[in-house]
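A.B. asks: Each chain, written out:
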Amino acid sequence: MINFYQFIPEIFILALILLTLCFGLFNKDRSIAINTLGFFLLTLILINFGKDFYISTDISLNTINLFVLSKIILSIGSIVFILLSKRPLKNENLYRYEYILFILFAILGSFVLISSDNFLTAFIGLELQSLSLYLMAAFNTKNLKSNEAGIKYFSLGALSSGFLLFGISMIYYDTGTFYMQNLNNFTTISEIGLSLILISLFFKVSAAPFHIWTPDVYEGSPTISTLFFASLPKFASLIFLFRVYQELNISGIQSLNYIFQIVCAISLLVGVYGAITQKVIKRLLAFSSINHIGFMLLGIMSYQFMSEGTLFFYLIIYLITTFGIFAVLLNLRTVEGEFTKISQLNGLRFTSNSKSISMLVFFFSLAGIPPFAGFFAKFFILSASITDGFFFLSIVAVLSSVIAAFYYLTIIKNMFFNKSEIELLVDNNKIGKVIFISFGLIITLFFFYPDPLINLVDNLFK
Amino acid sequence: MSFPILSLLILTPIIGALTLSLSSSSQLKNKTIFLSGLWITTGEFLLSLLLPIFYDKTKSGYQFTEYHTWFDKFDINYYVGVDGVSIPLILLTTFLVPICLLCSLNSIQNRAKEFVIYFLLLESFIIGVFVSIDLVIFYVFFEAVLIPMFLIIGIWGGENRLYATFKFFLYTLAGSVLMLLAIIYIISKVKSGNIELISNFTFDQQIELILFLCFFASFAVKVPMFPFHTWLPDAHVQAPTSGSVILAGVLLKLGAYGFIRLSLPFFEYASIYFQPMIFALSCVAIVYTSIVALRQLDMKKMIAYSSVAHMGFVTIGIFTLTQDGINGAYFQMISHGIVSAALFLIVGVVYERHHTRMISDYSGVTNVMPKYSFFFMIFMLSSVGLPGTSGFVGEFLVIMSTISVSVYLTFFTAIGVILGASYMLLLYKNINFGDLKTDIKQLADLSNIEIFYFSCLAFLTMLLGIYPKLLFEMINKSISMSIL
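Residue numbers (the numbering used here), protein chains in the order written: chain D, 1 to 462; chain V, 1001 to 1484.
It cannot be assumed that every hint is accurate.
[Claimed, not checked] Chain V side only, calculated, beta carbon under 10 Å to chain D, not exhaustive:
1) Thr1069
2) Leu1105
3) Glu1114
4) Phe1141
5) Ile1147
6) Leu1151
7) Ile1155
8) Leu1162
9) Thr1165
10) Leu1173
11) Val1177
12) Leu1181
13) Tyr1185
14) Met1277
Because the hints were derived from the structure by calculation, they are not lab data.
We put the CB at the ideal spot given by N, CA and C, even for glycine.
Could you build the full structure based on these sequences and the hints that come with them?
C.D. replies: The structure is reproduced here in structure tokens:
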């Protein structure tokens, strides 16, 4: 007997989609208001009743908590994103209500993906999410690069979906089931199938060596879409990857374990290696995100020595930092259009105090230098991985973060030491400003007092 | 004592910096900003004077301790306290920072507010390193020091400042991340970051060697020891005078402090095992950098290389693992902190007037700046190690303690003293004596402010040289604890 309560969050988003479809035709501004309100409501519902939805299902309590927590984070992230998206879309003449719909569909896909037990459902969630992302990448139809990004993303994404389907079918051939919890004994065929599934997931979270699409897509897409790719869907895919790792007990399978470790090491190194020479800030952020994915994979692998609080601490801090950086970038414009080159940041210190100091906080936090929350985020992961015995990977991780410090410092150098060359049009978007200033403060505060966040998550899992 | 004096010491500059940053810069004049910075740092200095007054010298162990839980799960605690080893260094810091602000009163014209803010933050982070007795907060402060220093060199430095500041930052970071891994490993083994608890813990010998090397990587870069010293001349040459003062005066001491506070008590076996390596590196540092210093054309670079040589004495002294050796090394640290800071100020004085650091551009300065030459002589002689100045006591004790280890070691250290005398005297001669160059004639002698801070520094040098017991009383007990 299927318990329909567990679909309430998804049904809620579906209702929002329908509502937006009706209202959006007549009034775009209202659809933003409705969705902000809707996600706010959803967050409240999830916080208060989230666990009750799953009570009569046979899902284990830990997994339920994982569902609820990641859905809360996703819906809070959506609120921030929707609030942030209005002004940049207007600036680029892209302010159409379809964009909000794509966000909603992508979030719906992420929700389905997170809570799917069945590989086929996961496939549907992933596709729903990805198709919206392709459209968001190509949303600036008049821009050649945006079209290129959309097509690149679509063709490579379709290839990876093919891998996923092939992997699922191999597992089905071998075991006759689509359900994750029914998979126990692995033969070679299902190991191959599972590795194909992993490859597809690595592609989605852009772990090296499956990262080739990332820099191009990040660069070509409208900046606001880039923010979306970098944050929420990636978070959802990562949670699913985490679930696959946990429930299929991949740490017990030697071959897949090797794949995980190799991908982790390559991501750490390729990320920093690629980022050093970049001149376009979105490409740099793309490579830096690959490096951070390496850290997250390390966290997933040594999960048994972490509490949920500390694993989520990294993810949440990473999300906040990404949102903050992009909020600053979206608030800057040049005469030609969107802000792109790192050298355009020159002398930002003299143009805007709040922006340059927030950027300083975010980049030092990404580099993992105290006194910012990014330090403890890395600290927890490293402490778990060392306890787990991943000495080699830990050394690679810290050395990569030294190299990473170089390019983060270059950006800070441009902002603080150099004289400005071109005139930046500072776009005084109030919402954006509130977001990056408050996120900068949060990043600093969580360093000094991270207990509330960690305990909040941990108590949820008790 | 329940009064939270150490937290107050850490927080006062931060609060000062916050207040300054909230005030609108357009209305404030540079002078007002510097004066407020001076008030804060002087207050901080007076506050830190309470430490030696109320410190109980007869007891060993940490005093004025404060304990607050920071993380429940990880046993990371805000645990601070001081003992004899940390108090003199804290005093040195709080003493040097007002002088740094005083000396940049005229030279820093643009972005004065930021300058003062970064210095205040730097001060509180450095004090944080010296008072922490928990490994994690030690590391946090140790790393955080980099940020203000990076900005100070990068914004107000010389023409090649970007290269220098990047080199400084990345070198130090590369060293300290290895220490971070070691710290994490230690915490996962001991289940606590408390320094006292870890000192009582014995590691496997093989692992202890690796852990020692990880800590060594970080501290050796900071000290700096021979193969890792190349960032120092660059950083010094490019930094503004005040930056050089704080860098030579205090930041270099962080590494040596780390050796005394962490490496020796944690890794007794490894300290003995790696003794020859450290002696070899230090001997090379002393002889090689002294010879390099002899051939320098740039004053700041010469003093920077002399710093490396002097810190070589410190590392030798520490790793003799005797009470005398460590006492001498510690004395040398404090003395070098005062003297090299003063020497960088001396360079800063003429640089501010003549805008060149090349030794060949100066000659016969004593004719126009007699007071300047007088103070220069005091600090030069102290750096050489003349009896009666603070430089002598440290060098003497270190050399004496090396005899018990190896005569060859004594030989090389003594050569260092001779070489040190030759390059410092050469520097003094070239600048102060000789024909008076025409473009030097209009140089003004020291102003009252400059005389004020030079006399403070000179007084301290003489005081420590004549009555070294003042310092030894303070540190004896604590140092004997760390070499058990």
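A.B. asks: Have a go at the Val1177(V) hint: is there a Cβ in chain D nearer than 10 Å to its own Cβ?
C.D. replies: 4 Å, holds
A.B. asks: Does the closest beta carbon of chain D sit nearer than 10 Å to the beta carbon of Phe1141(V)?
C.D. replies: Check passed: Cβ of Phe1141(V) comes within 8 Å of chain D, closer than 10 Å.
A.B. asks: Per the CB criterion, is Tyr1185(V) less than 10 Å away from chain D?
C.D. replies: Because about 5 Å separates Tyr1185(V) from the closest Cβ in chain D, which is inside the 10 Å limit, the hint holds.
A.B. asks: Do the numbers back the hint for Leu1181(V), that is, is its least Cβ distance to chain D under 10 Å?
C.D. replies: Status holds, d = 6 Å.
A.B. asks: Per the CB criterion, is Leu1173(V) less than 10 Å away from chain D?
C.D. replies: It holds, given that the least Cβ distance between Leu1173(V) and chain D is near 5 Å, below 10 Å.
A.B. asks: Interface hint check: Leu1151(V), Cβ to nearest Cβ on chain D, cutoff 10 Å. Holds or violated?
C.D. replies: 7 Å, holds
A.B. asks: Tell me if the interface restraint on Leu1105(V) is satisfied: Cβ within less than 10 Å of some Cβ in chain D.
C.D. replies: 23 Å, violated
A.B. asks: Under 10 Å, Cβ to Cβ, is where Leu1162(V) needs to be relative to chain D, so tell me if that hint holds or is violated.
C.D. replies: 6 Å, holds
A.B. asks: Hey, does the Glu1114(V) contact hint survive, CB to chain D under 10 Å?
C.D. replies: 9 Å, holds
A.B. asks: The hint names Ile1155(V) as touching chain D; please verify it with the least Cβ-Cβ distance against 10 Å.
C.D. replies: Holds - the Cβ of Ile1155(V) comes within 10 Å of chain D, reaching about 6 Å at its closest.
A.B. asks: Double-check Thr1165(V) for me: the hint is only fine if its C-beta lies closer than 10 Å to a C-beta in chain D.
C.D. replies: 8 Å, holds
A.B. asks: Is the interface hint for Ile1147(V) satisfied, with its Cβ closer than 10 Å to some Cβ of chain D?
C.D. replies: 7 Å, holds
The earlier numbered hints that this structure contradicts are 2 and 14.
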